[in-house]
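> Residue-level listing of the chains:
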Amino acid sequence: MTKVLVIAEHFDGEIISSTSKTVNCASQISESIDILVLGDDNSIALKASNIESVKNVIAISNQSFEYPVSSIMAPVVAEISKEYDCILLPSSTFGKDLAPRISAILDVNQVTDIMSVEGPRVFKRPIYAGNAIQTIKIAEGQKILGTVRTASFKELGNSNSANVIEAEMPDVHVPNHTRFIKIESEKTERPDLQVASTVISGGRGVGSAENFELLYQLADKLGASVGASRAAVDAGFVPNDMQVGQTGKIIAPQLYFAFGISGAIQHIAGIKDSGTIVAVNKDADAPIFEIADIGIVADLFEFIPELTSKLG
Amino acid sequence: MEKILVCIKRVIDYNVKIRVKPDESGVVTEGVKMSINPFDEIALEEALRIKESGNAAEVVIISIGPDDSQQQLRTGLAMGADRAILIKHDEEIEPLTVAKALSEIVEKENPGLIMMGKQAIDDDSSQTGQILAQLCDIPQATFASKVTIEGNKAIVVREIDQGLETLDIDLPAIITTDLRLNEPRYVKLPDIMKAKKKILDVIESSELNTEFSSSIEVINVAPPPPRESGVMVNDVDELVIALKEKGLLS
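Here the protein sequences line up with chains A and B, keeping their order. 1 is the number of the first residue of the first sequence in my numbering; add one for each residue after it. 1001 is the number of the first residue of the second sequence in my numbering; add one for each residue after it.
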């Protein structure tokens, strides 16, 4: 049976949902799935062991994994990967940064953004920002190395208790040419963009950072996460980690609200797997209406407060 | 540093609405406007700014692709690059092969910094820079939104899913560039004239040691499944009703 290794993504002591979604993709390839957790203590490995479908969690605890630095992780992952037929990482900035270094060490071609499993070696992936879908086949006998487009796979349940194997740091050369300085993250009480079932996004039409308060109020009423278009991030209304789209986060909530977003192709690439897309824009010709399930031509400064109050 | 090497790819211009070929073998490129991959253009702009600030002596651009890629290299020379190299190869190439071919040039040119876009907007792979970094055993800073050169180090701010990360990396290194790093300059007519006199070396891919092959076979390329057409509503009340009908509001 194909032996699959999923590389866990974690941040701030928590396993990120992208890991579970990647395991979901793996479960469509094989029943033999292990997770590799590289961290500076083993508490994260225990959390990974709860993800359904996982057989073993391989935990390597080392100070050098305090922050995820790809040039340090890659030789370790490549060494562990030797025992596996298929290595999967989430197609987040973490996985995109790390996977190609593994490709180089193993001398294996990598598939980016697996969006569906069509057969044990056949996958679909988006190209041209999702405007075309490529079906690819990996040659027999070749290791599979891929990143998984997390918006295409649901998170699995957390009722498992897989074996946790505490492994030694393999004897590989780990470089010291890359030093982590800091990370600046916006702390928010709202759900994560990648996890939230409802996402409310604002674009250039929102006009200012202060006006985003309208969206936050609506979001808090709906238990929603708040995102933004590239235009809103570029204008400085909100920080970059809120950006939804081809260059930001690719999401698939059940319900997506686009307020004052014109609908540039790069933004649509990030939301088109959403269940229901609601677009509010005062420009009746905005391209966002072409893909919206429900559209309203309205002034969002009147519309949002009214919607917020009527949901109360 | 002496030299920055910037890798650029010829792609369908980002304003073009792409069309899938009827036989599903790929997308239509005949008669379609081609440009420098926009992320690579940002990389080139950053390299030129580093040179203009006195931190580099020369900016060399390189591309791998069909002979027509010379057009994009000429544009890069007009932007201000000093010379260009084309590795001529007509077929589609996987990032691993591209990186191997580039590593042969890196060995010869010995740049102090290598830059390229964080991904190409055609295959969206986002691999080449990182593979090249590993092949050369040097640091990488991907998705860069701020680059500061400090002697033989670079301080790079990266746009990652969790926010803005800052890395301190030794040079030589590879930096891949994100959208917010800078806004590339416009090319002026006199610069286009000047660019015609700059050196553009063409190397046949067969002259390299790299084997141009792949274990990934493209079976087909199809348009994405269309979304069902939506409805327009007139006000908040109609929206609330529509969402309740879909079971999205209680």
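The hints are simulated quantities; they were obtained by calculation from the structure and are not laboratory data. None of the values given here were measured: they were computed from a predicted structure. Be careful, since some hints might not be right.
[Claimed, not checked] DSBU-like cross-link-like pairs, simulated, lysine-lysine; straight-line CA separation at most 35 Å:
(1) A:Lys55 <-> A:Lys82
(2) B:Lys1003 <-> A:Lys182
(3) A:Lys187 <-> A:Lys82
(4) B:Lys1051 <-> B:Lys1246
(5) A:Lys124 <-> B:Lys1188
(6) B:Lys1003 <-> B:Lys1033
(7) B:Lys1153 <-> B:Lys1198
(8) A:Lys221 <-> A:Lys55
(9) B:Lys1021 <-> A:Lys143
(10) A:Lys221 <-> A:Lys182
(11) B:Lys1021 <-> B:Lys1153
(12) A:Lys124 <-> A:Lys143
(13) A:Lys282 <-> B:Lys1246
(14) B:Lys1153 <-> B:Lys1033
(15) A:Lys272 <-> B:Lys1051
(16) B:Lys1108 <-> A:Lys143
(17) A:Lys124 <-> B:Lys1017
(18) B:Lys1033 <-> A:Lys137
(19) A:Lys154 <-> B:Lys1244
(20) B:Lys1246 <-> A:Lys124
(21) A:Lys221 <-> B:Lys1244
(22) B:Lys1051 <-> A:Lys137
(23) A:Lys272 <-> A:Lys124
(24) B:Lys1108 <-> B:Lys1021
(25) A:Lys82 <-> A:Lys143
(26) B:Lys1051 <-> A:Lys282
(27) B:Lys1146 <-> A:Lys124
(28) B:Lys1051 <-> A:Lys182
[Said to hold, decoys possible] The following residues of chain A were derived to be distant from chain B, with all beta-carbon distances above 10 Å:
(29) Lys3
(30) Thr112
(31) Ile294
Ideal Cβ placement from N, Cα and C applies to all residues, glycine included.
> For every hint, state whether the structure bears it out.
Quick rundown of the hints versus the structure:
1. Proximity of Lys55 (chain A) to Lys82 (chain A) is assessed by CA-CA distance (about 18 Å); at most 35 Å being required, the pair is judged to hold.
2. Under the criterion of a C-alpha separation no larger than 35 Å, the hint pairing Lys1003 (chain B) with Lys182 (chain A) is consistent with the structure, at around 29 Å.
3. For the hint pairing Lys187 (chain A) with Lys82 (chain A), the CA-to-CA distance comes to about 38 Å; that exceeds 35 Å, so the pair is violated.
4. Taking the CA atoms of Lys1051 (chain B) and Lys1246 (chain B), the gap is near 57 Å; set against the 35 Å cutoff, the hint is violated.
5. For the hint pairing Lys124 (chain A) with Lys1188 (chain B), the CA-to-CA distance comes to about 42 Å; that exceeds 35 Å, so the pair is violated.
6. The suggested pairing of Lys1003 (chain B) with Lys1033 (chain B) holds, with an alpha-carbon distance near 31 Å, which does not exceed 35 Å.
7. At roughly 30 Å between alpha-carbon atoms, Lys1153 (chain B) and Lys1198 (chain B) fall within 35 Å of each other, so this suggested pair holds.
8. At roughly 39 Å between alpha-carbon atoms, Lys221 (chain A) and Lys55 (chain A) are farther apart than 35 Å, so this suggested pair is violated.
9. For the hint linking Lys1021 (chain B) to Lys143 (chain A), the alpha-carbon distance of about 30 Å falls within 35 Å, and the restraint holds.
10. Among the hinted pairs, Lys221 (chain A) with Lys182 (chain A) is consistent with the structure: their alpha-carbon atoms are about 33 Å apart, no more than 35 Å.
11. Pair hint Lys1021 (chain B) plus Lys1153 (chain B) does not hold up; C-alpha atoms about 47 Å apart against a cutoff of 35 Å.
12. Restraint check for Lys124 (chain A) and Lys143 (chain A): the C-alpha separation of about 17 Å stays at or below 35 Å, so the hint holds.
13. Of the pairs offered as hints, the one joining Lys282 (chain A) and Lys1246 (chain B) holds, with about 24 Å between alpha carbons and a cut-off of 35 Å not exceeded.
14. Distance hint between Lys1153 (chain B) and Lys1033 (chain B) is unfulfilled; the C-alpha atoms sit about 39 Å from each other, more than 35 Å.
15. A hinted pair counts as satisfied when its Cα atoms are at most 35 Å apart, and Lys272 (chain A) with Lys1051 (chain B) does not qualify at roughly 41 Å.
16. At roughly 31 Å between alpha-carbon atoms, Lys1108 (chain B) and Lys143 (chain A) fall within 35 Å of each other, so this suggested pair holds.
17. The hinted pair formed by Lys124 (chain A) and Lys1017 (chain B) meets the criterion: a straight-line CA distance of about 21 Å does not exceed 35 Å.
18. A distance of roughly 30 Å separates the Cα atoms of Lys1033 (chain B) and Lys137 (chain A); the hinted pair therefore holds under the 35 Å criterion.
19. A distance of roughly 24 Å separates the Cα atoms of Lys154 (chain A) and Lys1244 (chain B); the hinted pair therefore holds under the 35 Å criterion.
20. For the hint pairing Lys1246 (chain B) with Lys124 (chain A), the CA-to-CA distance comes to about 29 Å; that is within 35 Å, so the pair holds.
21. With a C-alpha separation of about 16 Å, the suggested pairing of Lys221 (chain A) with Lys1244 (chain B) holds against the 35 Å cut-off.
22. Note on Lys1051 (chain B) and Lys137 (chain A): the hinted pairing is violated, with a Cα-Cα distance of about 43 Å set against a maximum of 35 Å.
23. A hinted pair counts as satisfied when its Cα atoms are at most 35 Å apart, and Lys272 (chain A) with Lys124 (chain A) qualifies at roughly 16 Å.
24. About 40 Å separates the Cα atoms of Lys1108 (chain B) and Lys1021 (chain B), which puts this hinted pair outside 35 Å; it is violated.
25. Restraint check for Lys82 (chain A) and Lys143 (chain A): the C-alpha separation of about 9 Å stays at or below 35 Å, so the hint holds.
26. For the hint linking Lys1051 (chain B) to Lys282 (chain A), the alpha-carbon distance of about 45 Å lies beyond 35 Å, and the restraint is violated.
27. Of the supplied pair hints, the one linking Lys1146 (chain B) and Lys124 (chain A) holds, its CA atoms being roughly 34 Å apart against a limit of 35 Å.
28. Among the hinted pairs, Lys1051 (chain B) with Lys182 (chain A) is consistent with the structure: their alpha-carbon atoms are about 27 Å apart, no more than 35 Å.
29. Every beta carbon of chain B lies more than 10 Å from that of Lys3 (chain A), the smallest distance being close to 18 Å; the non-interface claim holds.
30. Not every CB of chain B is more than 10 Å from the CB of Thr112 (chain A) (nearest about 5 Å), against its label as outside the interface.
31. Listed as outside the interface, Ile294 (chain A) is inconsistent with that label: its C-beta sits roughly 5 Å from the nearest C-beta of chain B, within the 10 Å cut-off.
This entry does not satisfy hints 3, 4, 5, 8, 11, 14, 15, 22, 24, 26, 30 and 31, going by the numbered hints stated previously.
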